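*Asks:* Input sequences plus hints: build the corresponding full structure.
Protein chains in written order, with UniProt numbering: chain A, 1 to 211; chain B, 1 to 211.
Keep in mind the hints are simulated off the structure, nothing from the lab.
Identical chains share a label here; the pair holds if one copy fits it or two copies do between them.
The list that follows gives simulated cross-link-like pairs (lysine to aspartate or glutamate, EDC-like), each with its CA atoms no further than 16 Å apart:
#1 Lys-167 / Asp-194
#2 Lys-167 / Glu-177
#3 Lys-162 / Asp-194
It should be emphasised that the depicted structure is a prediction, and the values quoted were computed from it without experimental measurement.
2 protein chains.
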Amino acid sequence: MAEQRIRVVLVDDHPVVRAGVRALVDAQDDLDVVGEAADSTQAVVVVGETKPDVVLMDLSLGEGPGGAETTRLLRELPEPPQVLVLTTYDTEADVLEAVDAGASGYLLKDAPPEELFRAIRGTARGETVLAPSVATRLLQRAASPTPKVSPREVEILRLLAKGLGNKEMARELLVSEATVKSHLSHIYTKLGVDTRAGAVATAIERRILRP
Amino acid sequence: MAEQRIRVVLVDDHPVVRAGVRALVDAQDDLDVVGEAADSTQAVVVVGETKPDVVLMDLSLGEGPGGAETTRLLRELPEPPQVLVLTTYDTEADVLEAVDAGASGYLLKDAPPEELFRAIRGTARGETVLAPSVATRLLQRAASPTPKVSPREVEILRLLAKGLGNKEMARELLVSEATVKSHLSHIYTKLGVDTRAGAVATAIERRILRP
DNA sequence: TCCGGCATCATCCGATCGGCTATCCGGGGT
DNA sequence: ACCCCGGATAGCCGATCGGATGATGCCGGA
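*Replies:* What follows is the structure in structure tokens.
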């Protein structure tokens, strides 16, 4: 077959996870880990130097730009690698953001090693690989699209979670109370709720707010 | 020195993490990984068979009993191992629960390998090892103890997050609206908030509610 | 160019909330 | 025996919320 071995770069801020993936992947004789990075900056450098076929990308990279943003950067390089997201959560917001950034696969960290290997090989061939749970989620959301919450509305949600009243939010955002109430109404509609408490819970569940 | 090598068992539902920790730990010549488990049941069996000195315990084990509960089980064995929690989050609720269950250390997965090794060795000697961020958090909370939320109040919080009004909660719980309001007031006091939205956010942050 | 989404503001009004005070009961600990 | 806490209940009242309705300006895509 004389197939070229697949060159892989790992991007993850957890040393433990990098070691684990490296151990597993390097044990496969058609896969080579040619580099590691713990953050966005390193990732760009390492990928630029090593020209891998596939990048395994964690979405939460601690400080600095996250995995989605980093994916975007990598895909804008002269010879962009395929990016396979390998992360802990399968929130639909995360998935959409990653796919939008140019990722061509999405796996969860609790996937069995075999699935990981298949995913890497598939991604290298240009296929799109989704974890079953992720695929399910995507189909769900495709059927009933989640309306996007605007930046201003996120701002309102943030203050809402801090327990501020409309008047206080208005002061904080330098707008009138009427505007705040208007935003709130839109938020309720978009999130399918009709109370502040429900909005906060849904926003956190949908990862619009981080706890 | 002729020191006995330290026997370690890994409990984590992520194959990748197990492989990573194993690769790192096994490379140390005074540390031996003598077993792995992906869930609570396996953990008890493996620990019973291998009698390790230290168990590295993940707190979220997917299905079934979690890491805290598993820690409790292991500590009740005839020859209980030291348990070192190695997990992703440092929520004070998680920490307290783990410590209460008998864990003698708490590390985060993004810790550098060297710190992990030191922690394992320290734990084997019976020392208590806390990640810096965890220690900080504990001191904070020790100074201002979090009042416990009663079961009934948790119930109220659950309904609150669903966006129910007082009247609806009352119907749901088969009590009067006055009772609901009373519970709410107590909740506000205990959580240090004064609105429903704030209560929900704080409850989720404190892991009283799961999103 | 026109439409739609975003952000802004205004008014009205009934429903709900949050704070306060007070009572009652049962169980667990001092 | 006594007291504290969790749970349940009541009434009062001012402040706030949420819904409905309508309007303006800006920008970007069809």
